[in-house]
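Listed below, chain by chain, are the residues.
Number of protein chains: 2
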Amino acid sequence: MSEVRVHNLSISLDGFATGEGQALEAPFGHAGERLHEWLVGTRFFHAEDNLSGGTQGADNGFAVQHNPGIGAEIMGAGKFGPPGWQDDPDWKGWWGPNPPFHTPTFILTHRPRPSIEMEGGTTYHFLDATPAEAVAQAREAAAGADVRIGGGPTVVRDFLAEGLIDYMHVAQVPILLGRGVRLWDGLESLEQTYTIEPVSTPTGITHLTFTAKR
Amino acid sequence: MSEVRVHNLSISLDGFATGEGQALEAPFGHAGERLHEWLVGTRFFHAEDNLSGGTQGADNGFAVQHNPGIGAEIMGAGKFGPPGWQDDPDWKGWWGPNPPFHTPTFILTHRPRPSIEMEGGTTYHFLDATPAEAVAQAREAAAGADVRIGGGPTVVRDFLAEGLIDYMHVAQVPILLGRGVRLWDGLESLEQTYTIEPVSTPTGITHLTFTAKR
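First to last, the sequence lines map onto chains A and H. Residues 0 to 213, numbered by numbering that gives the first Met the number 0, are exactly what the first sequence covers, in order. Residues 0 to 213, numbered by numbering that gives the first Met the number 0, are exactly what the second sequence covers, in order.
Possibly wrong hints are sitting among the right ones.
Given that identical chains are not distinguished, each listed pair holds provided it fits within a single copy or across any two copies.
Stated by the list, open to error - Result set (SDA-like, lysine to any residue): computed pairs, CA atoms no more than 20 Å apart in a straight line:
1. Lys-212 <-> Pro-173
2. Lys-212 <-> Ala-57
3. Lys-91 <-> Asp-184
4. Lys-212 <-> Thr-202
5. Lys-212 <-> Gly-75
6. Lys-78 <-> Gly-95
7. Lys-212 <-> Gly-119
8. Lys-212 <-> Gly-92
9. Lys-212 <-> Gly-70
10. Lys-212 <-> Trp-84
11. Lys-212 <-> Pro-99
12. Lys-212 <-> Arg-110
13. Lys-212 <-> Thr-122
14. Lys-91 <-> Arg-110
Derived by calculation from the structure, the hints in this document are not laboratory data.
Starting from the given sequences, assemble the full structure and let the hints guide the process.
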């Protein structure tokens, strides 16, 4: 059976995956780019932007696992656009005409709209569905490949709580945001169903992998 | 000038340094001993209990730094006893007649009582004081040696917020407690005043050191 995976989910030391005050000009609120500097510096990220260069150390070793084997993504409404994007019929995501997904991409929203075909293989589908229903649809669209849960944190948390995630990679950044949206709320005893392995890299990031126990 | 240090402060992945429901038979609430298993296994901890054996790897390398150079400890009322100990005139801490402090030890409480001299060099002093006042008194008692802030988490947080801590070692344990007392609340941007270095060990613990920037 194909797997449901989370990659490159960055959190602060105090557990916030996004800051306070998300807006069009601040997708991560007061966190700015600080949660993702480690990722932006990697060769993986450079290549996504058709740039050469970037680091090839351990951080890149985690980052590059984002795409291989993935056949569909599921994301929350909060990742797709700033608060209120549902009122803008022309909103097509943050990522321009050729988004970095290159697969069917399911956006969870209580106000679905018709699907949008983008360049590069990404098609946006809008779903009002439970996590389990969304996984079933995405799995079908992925045609045997894996499904990535793209975030944000409340979506990842919901899918974790329902036991729908097989593998998760979290990058813990040594900053304290103090406020925002926490990843870990309501996930008591997650270690009973996942093998958790931490590894710190010389850039100060601690990568945590969660592998579902069978 | 002598330093103010924190050692072996254990937290869960979701940032709780103690669980919910602290009581006489459960000093760390529903966390039980899970936050401290890494410490109990070390040669340092065995030696404190006059036992031989224990691990000598990286975890022990952090653990053993607890005592050298320390001339006094400051702890909160919540570390000294279960809720309500102030109503028991005979309460002398959790640690028996020969406590593991071996120095003057200051307990912060709004209901001070006369000092108690224990075996092995520990004398308990009870202080109704601000963090800065407590550090001044402990520093004097330490006679040039360093002062350890012994916890619990709200006390460490208060001293951090006032910029009174020079060095802190936190051991992050890969479990999710879900509830209890958080260490990180109200400490936004702590990375601006501390150099933070994480290192994960093969036991799954991530040790984080905070060194005040000068």
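Okay, the hints, checked on the actual structure:
1. Lys-212 <-> Pro-173: Cα proximity of Lys-212 and Pro-173: across copies only (15 Å, versus 28 Å in one copy).
2. Lys-212 <-> Ala-57: Neither. Shortest intra-copy (25 Å) and inter-copy (27 Å) distances fail the 20 Å Cα cut-off.
3. Lys-91 <-> Asp-184: neither (30 Å within a copy, 37 Å between copies)
4. Lys-212 <-> Thr-202: Between copies, since 18 Å is at most 20 Å while 30 Å is not.
5. Lys-212 <-> Gly-75: Neither. Shortest intra-copy (26 Å) and inter-copy (39 Å) distances fail the 20 Å Cα cut-off.
6. Lys-78 <-> Gly-95: This pair counts as within: shortest intra-copy Cα distance 14 Å, inter-copy 54 Å.
7. Lys-212 <-> Gly-119: neither (35 Å within a copy, 47 Å between copies)
8. Lys-212 <-> Gly-92: neither (35 Å within a copy, 41 Å between copies)
9. Lys-212 <-> Gly-70: Intra 23 Å, inter 46 Å, cutoff 20 Å: neither.
10. Lys-212 <-> Trp-84: Neither: 38 Å inside a copy, 43 Å across copies.
11. Lys-212 <-> Pro-99: neither (31 Å within a copy, 39 Å between copies)
12. Lys-212 <-> Arg-110: Neither way: Lys-212 and Arg-110 sit 36 Å apart in one copy and 49 Å across, limit 20 Å.
13. Lys-212 <-> Thr-122: neither (33 Å within a copy, 49 Å between copies)
14. Lys-91 <-> Arg-110: within (14 Å within a copy, 62 Å between copies)
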